[in-house]
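> Go by the hints and put chain V onto chain P.
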Amino acid sequence: MRFRLTEDQRALRDGVRELLGRRFDREALWGAVAGGDGVGGADRGREGPAGGPPRLDRALWRTLGDAGFFALRLPEADGGVGLGLPEAVLAFEEAGRALLPGPLLATHLAAGAVPGAATGETVVAAVDGMLVEWLAEADVVRGDATGAVPLHSLDPLTPLHRLPARQPGRDPVAALLTAAEQLGTAARVCELAAQHARAREQFGRPVGAFQAVAHLCAGMLVRTETARAAVYAAAVTADPVDIAAARLLADEAAVHGARDCLQVHGGMGFTWESEVHLHLKRAWVRTHRTGGVTESEEILAAALMAGEA
Amino acid sequence: MDLSYTPEEEEFRARLRDWLATTLPGLPPKPSPDDWPGRRAYDLGWQRRLHDAGYADVHWDASPTLRLIFLEETEQAGAPYVGANFVGLLHAGPTIAAEGTPEQRERWLPPILRGEEVWCQGFSEPEAGSDLAALRTRARRDGDTYVVTGSKIWTSHAEVADWCELLVRTDPHAPKHRGITWLAMPMDAPGITVRPLRTLAGSAEFAEVFLDEVCVPVENRVGDENDGWRVTMVTLSFERGTAFAGEVVACRRVLAELAVEARKNGRWDDPALRRRLGRLGAEFRALWRLAQWNVSAAEASGGVPGTGGSVFKLRYSHARQELYDAAAEVLGADCLDLDRPWTLDRLSSLSYTIAAGTSQIQHTIVAERILGLPKGR
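As they're listed, the protein sequences go chains P and V. Using my numbering, read the first sequence as starting at 180 and increasing by one per residue. Using my numbering, read the second sequence as starting at 59 and increasing by one per residue.
Pulled out of the complex, with its shape left as it was, chain P reads as follows (with noise of 0.2 Å):
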């Protein structure tokens, strides 16, 4: 038993990230928030939840096409990378660190099925459950999105379309990729909680030496490994009762940690010009993904019935 990342995993998601911060950094993070290209730096936050709904970068999402990020799981005789679930939620967490827009997932699902999805040159929505994100922005939709209605979303970085009836739920891998990218925001804002818990002095002195500060800044961490031992094994298994458990514990990590990172930040959390909400923001969109968090348990439910504790 080797239950840790390999030296080409490493490597993969080292990779991902140096992609990611070079060619999504923070600047245009939030040119993406402020609704348009170049808009970044001093005018940050003027436009605030009122900007539109964001535009889709396409070079950037032809720059994750040649990476491979949609093609990761595609055999190589078919054109892809020709890797495996670990690789993808490894990739995947990234992409939650990073709070890279778009429809990442339903691209990804895609490749193969729909033409240009591998490459990045078709952008492919989907639906999913009550929602589509990314709608207007999409090249080819999936599912049957006849009557969605645009939601005014309150995160920013994803439009939302809502369809008057849920339509049945999408592949075990789709909960498992989505418990990815909140296993990289729960890791994400545990770090910005922790580097502003050292740096903010309050009483003559960081304000993580208190405990009670330092202890909220503790339990994401405890949520977050927790939640990452229960996605990776998930993605070595790919079982569904363990991404049912995979997801139950990263929405909870990305949801409960964005929080905590909100209150570490005191009233700057409470900020638009803070990155905080963004995380939180998001992490609340994919807990309305399919798999989510009744789901999941009446899944968990049904296997300890079944005498699969």
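Hints are supplied without guarantee of correctness; some may be wrong.
Unchecked claim - Derived list of chain P stretches under chain V, where covered just means 3 residues or more per stretch with a C-beta under 8 Å from a C-beta of chain V:
#, segment
1, 374 to 388
2, 407 to 418
3, 421 to 431
Think of the hints as simulated: they come from the structure by calculation, not from any bench. Bear in mind that the values here come from a model prediction, so they are computed numbers and not experimental data. Even for Gly, the Cβ is constructed at its ideal location relative to N, Cα and C.
Frame of chain P, contents of chain V only:
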């Protein structure tokens, strides 16, 4: 990331499973919880069987992965717990193995492995709990002996122990971490009084130990005089490593039994309860994976238990309390009946967030050592 076991590991598992299947039916009946001499004999007898079958030192010399397999298989088979051998096998033994002289290892280790001698732990004191280094039990050097006076608390198996791993203050003027010494105290020495402590579960699981001018030979000191804090830290990292991994298997079994009970009494039809049990299923699945993750990390670092133990201990102790709270919901009013299963377990579980480093201490360890937050008080 590989969750499969090597052929050697699978062979170890298969042999162990066979051995458990043939050995467990031949065990004597379990003694009653209040029968301390009976419990001592039972636990030592189990260790003797392990020894004769070649499993005595699985906690010391085996790879972390084999240890995990051992914990998983023995728990799944319903084998006896380490019980009275806990301190010898998981505290004192590893400490002596790491820090003792060849003579000390020869004197103390074989009887632990063969199931002949029981050790207890004299660390905590009434005024030194989480702040262990504040301990006051005093040892005065008098020629070839230390003369020890003070008191210890929360000492499990003190009534039936042969030896006590004892922390004493040998230099009252040094900074508190630097004046401590580690001694092996024979429990039959004159001046020792053991008073059982009754827990909230009604049983006497541990004791207070009063020491009045107890003479301990200097040759029983492990490590240098005043170096006992460092010697002790070796011990504690063992305690927080994989010690609880087997119990996750036990929790999963309890959870399965709860589902069966809930189905029987109709409470399973309550979606809130059913989902609560489902969530606990996720919790213990994840904890098992976390144990595997920590074991793999220990394997990669040459067997040193890392800070992952604190993460595991925090999550596990909380989850186990949640498990018995859920059991109470399944049982309804029967959860107030001490004769029902799980009622006593629920009471016992209240200690998990306190023993072996409180959750608050563990959070502080995580904050300082993993997240790099500044030390504070």
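> Each hint: holds or not?
Taking the hints in turn, this is what the structure says about them:
Counting residues of the segment 374 to 388 of chain P whose beta carbon lies closer than 8 Å to any beta carbon of chain V gives 6, which reaches the threshold of three, so the coverage claim holds. Residues of the segment 407 to 418 of chain P with a Cβ under 8 Å from some Cβ of chain V number 8, which satisfies the need for three, so the listed coverage holds. Counting residues of the segment 421 to 431 of chain P whose CB lies closer than 8 Å to any CB of chain V gives 6, which reaches the minimum of 3, so the coverage claim holds.
Consistency with the previously given hints is maintained throughout, with no hint failing.
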